[in-house]
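All chains, full assembly: derive it from the sequences and hints.
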Amino acid sequence: QKEVEQNSGPLSVPEGAIASLNCTYSDRGSQSFFWYRQYSGKSPELIMSIYSNGDKEDGRFTAQLNKASQYVSLLIRDSQPSDSATYLCAVNRITGGGNKLTFGTGTQLKVEL
Amino acid sequence: GAVVSQHPSWVICKSGTSVKIECRSLDFQATTMFWYRQFPKQSLMLMATSNEGSKATYEQGVEKDKFLINHASLTLSTLTVTSAHPEDSSFYICSARNTGGGAFNEQFFGPGTRLTVL
Chain A
28 QKEVEQNSGP
38 LSVPEGAIAS
48 LNCTYSDRGS
58 QSFFWYRQYS
68 GKSPELIMSI
78 YSNGDKEDGR
88 FTAQLNKASQ
98 YVSLLIRDSQ
108 PSDSATYLCA
118 VNRITGGGNK
128 LTFGTGTQLK
138 VEL
Chain B
596 GAVVSQHPSW
606 VICKSGTSVK
616 IECRSLDFQA
626 TTMFWYRQFP
636 KQSLMLMATS
646 NEGSKATYEQ
656 GVEKDKFLIN
666 HASLTLSTLT
676 VTSAHPEDSS
686 FYICSARNTG
696 GGAFNEQFFG
706 PGTRLTVL
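Those protein sequences? They're chains A and B, same order as listed. First residue of the first sequence: 28, per this note's numbering; consecutive thereafter. First residue of the second sequence: 596, per this note's numbering; consecutive thereafter.
Below, a sample of chain B positions facing chain A; criterion: calculated Cβ distance under 10 Å: (1) Val599; (2) Thr627; (3) Phe629; (4) Tyr631; (5) Ser638; (6) Thr644; (7) Glu654; (8) Cys689; (9) Ser690; (10) Asn700; (11) Gln702; (12) Phe704; (13) Gly705; (14) Gly707; (15) Arg709.
By construction, these hints were calculated from the structure, which means they are not laboratory data. For every residue, glycine included, the Cβ atom is placed at its ideal position computed from N, Cα and C.
The following block contains the structure:
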């Protein structure tokens, strides 16, 4: 089982719709969770972080965390073509080597006109 | 805030040469920086954790003598790819964690360095 799993997509949604991106993780000791957006050829950009169970909203983005189910999701409301990118789920774990981020393989989102 | 720079943004070199990549946190201090590598259509793979004033911690399978890391100050870490070969061609990305940051331990990424070894 991969440590962080995401559906690779592509996930296609029409402009203005809600895009729902999902991520599961295997380590119950994971403490904080992140969503990064990565455009092709560019480095990841942090868009959301979440620490506690429940929802966290920031503009058009909502992160949802369910530690019991080991599940974290990202909702993008009113999707725009500029949201088309790969979204990486990352999980922070404390290991013998310190705090580390483990990334999923990413979900490619395409917002269509 | 939380800006991380990398230099160079791209480099082309001949096989057997060494390449140094710099990572700087511009508006915060970073005790810990991270070096990742990303091959096309793959996710980020952590290579090593760079700690200011101490030796880097390398991930399993990463050769510490090939990928030399120096973290000489709270705002600068360098990665040197020694005796580079074509299979080292990749997108190298650093990230930095704000020493004075909060509970989330967010990492902020530099823009990346694309290395092509001929």
